[in-house]
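> Each chain, written out:
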Amino acid sequence: MTNPLTSFSYAAIGKAARYTAISGVALLLGLMACSPRTPVRNTASVKPESTRKKAPEFTLKDSHGAPVHLSDFKGKVVLLDFWATWCSPCAVELPWFMEFERKYKDRGFEVLGVAMDDEGWKIINPFVAKRKFNYRVVLGDDLTGDQYGGIEALPSTYVIDRNGKIAAVHIGLTNKKDFEDAIQTLLDAPVNTAEEGRPGNSPAGDRAAGAGADAQRRAGSHS
Amino acid sequence: MLNVAPVPTVRTQKGAVAVVTLRASLPQGYHANSNTPTDAYLIPLSLKWTGGPLQVDAVTYPKASLEKYAFSEKPLSVVTGEFTLTTKFKVPADAPNGAAAQTGTLKFQACNDRMCFAPKTVNVSVAVEIQ
Chain A
1 MTNPLTSFSY
11 AAIGKAARYT
21 AISGVALLLG
31 LMACSPRTPV
41 RNTASVKPES
51 TRKKAPEFTL
61 KDSHGAPVHL
71 SDFKGKVVLL
81 DFWATWCSPC
91 AVELPWFMEF
101 ERKYKDRGFE
111 VLGVAMDDEG
121 WKIINPFVAK
131 RKFNYRVVLG
141 DDLTGDQYGG
151 IEALPSTYVI
161 DRNGKIAAVH
171 IGLTNKKDFE
181 DAIQTLLDAP
191 VNTAEEGRPG
201 NSPAGDRAAG
211 AGADAQRRAG
221 SHS
Chain B
224 MLNVAPVPTV
234 RTQKGAVAVV
244 TLRASLPQGY
254 HANSNTPTDA
264 YLIPLSLKWT
274 GGPLQVDAVT
284 YPKASLEKYA
294 FSEKPLSVVT
304 GEFTLTTKFK
314 VPADAPNGAA
324 AQTGTLKFQA
334 CNDRMCFAPK
344 TVNVSVAVEI
354 Q
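Respectively, the protein sequence lines represent chains A and B.
If you read the first sequence in our numbering, its first letter stands for residue 1, the second for the next number, and so on.
If you read the second sequence in our numbering, its first letter stands for residue 224, the second for the next number, and so on.
Incorrect hints may have been included.
To be verified - Chain B regions said to be covered by chain A (calculated; three or more residues, Cβ under 8 Å): (1) 235-248; (2) 260-267; (3) 306-315.
To be verified - Cut-off 30 Å, straight-line C-alpha distance, at most; resulting in silico cross-link-like pairs (DSBU-like, lysine-lysine): (4) 61/A x 343/B; (5) 291/B x 132/A; (6) 61/A x 76/A; (7) 311/B x 130/A.
Quick caveat, the hints were computed from the structure, so don't treat them as lab data.
Heads up, the beta-carbon is just placed ideally off N, CA and C, and yes, glycines get one too.
With the rest of the complex left out, here is chain A (with noise of 0.2 Å):
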C-alpha cells in the first residue's frame, strides 16, 4: 500500500529537484546570452598562404615629391588603397581606412593610398588635407595600375601581408568588416621567417592578383 504523504514528499522532491536543474540551465543560458559577445571574425576574408603572390614592387612619390618604395613597409600587414577625388565609393571606405590606421599602426599596419587622379597633386592635396589623411598618399600611374592588373575600377584595394604577399583584393565599395577582417586575421597571423619578407618585382603572371579585376574590365569596356 503507498502512503499518500510518503508519495506526496518525493514526487515534490522530485519536482523541486527538476525545476533547480530547469533554472539552472536557464541560467546559464541567460548569462551566456548577456555576456559580452566576441565579435566573429571571417578568416576567409584572407587567401590561404598557400595561394598568395607577392605584391609587385613599385616606387612612387608623395606630395612632397619624396619616393616610397612599397618595399618601405617591408614586415608590415599594408592596405593599399587605389582610388581616386572623383570616385564617391572611394569615399566611403577612406574614414575607414583612417580609422584602421589609427587602430592598428602599433600593431605593423599601415595603409598607402594611391590616388590615380590625371590632374595630380593639384587636386589630390586640397582633398586630402579637407578630409584630414592620417596615412601617406603616393601619385599612382598607369604603370603601376598594369602590375595590379589593370587599375579599371575604383576602389580597389589590395591588403598585403606581413611577407608581402597579396592576400586579400577588393575591387569596389566592400564591408568595412571584410577589411578589418583581414587586418586582423594578418596581424595575429605568425611571420614566416622562410619569406623574405619583402614585396617582389613581381613578373606580369602576378597581374593575376588583381582577381577581381578581370571582371571589372569586362564590366567596364568603355567604346
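Take the given structure of chain A and dock chain B to it, following the hints.
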C-alpha cells in the same frame, strides 16, 4: 561603356543654323555624372567641338536626374540609360562648299552602385555637307 550612335550627315547652307543631336547610352546599372555634378570633385559630362566648318552656338546637355546611391549621402546629379546632347551650330557665310567633318570629344565618368571607372573621352565626328 558609353555608346554614341552614328549621326546622319548634316546637310545645311551657308548662313543657316544646323542642329546636331548626339544619341548616347549607358548600360543598365551604370550612370555618368551630368554636366553639373553635385560635388566639385566629380567629373562632369562635357562635349567639346574641336574641329570643322561649323561654329558652336549652344550645347544643350541632357536633363539630369538626382539619384541616391548606396555610396552617397546625398543624391547625385547623373544621366542614365539613353540620353541626347544637342548642339546648335551656325554655318558661317564663308564656309567652304562641299563635304566636311565636324569633330569633337565627349568626356564622361561613369560608375555603378559599387565602383567608378576612369574618366573616358569618346571622339565624335559628324559628316557635314554645305551647299
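> Look at each hint and say if it fits the structure.
Checked hints:
1. 235-248: violated (count 0)
2. 260-267: holds (count 4)
3. 306-315: Three-residue rule not met by the segment 306-315 of chain B, so violated; n is 0.
4. 61/A x 343/B: holds (25 Å)
5. 291/B x 132/A: holds (26 Å)
6. 61/A x 76/A: holds (20 Å)
7. 311/B x 130/A: violated (40 Å)
Taken one by one, the earlier hints fail for this structure at numbers 1, 3 and 7, listed in ascending order.
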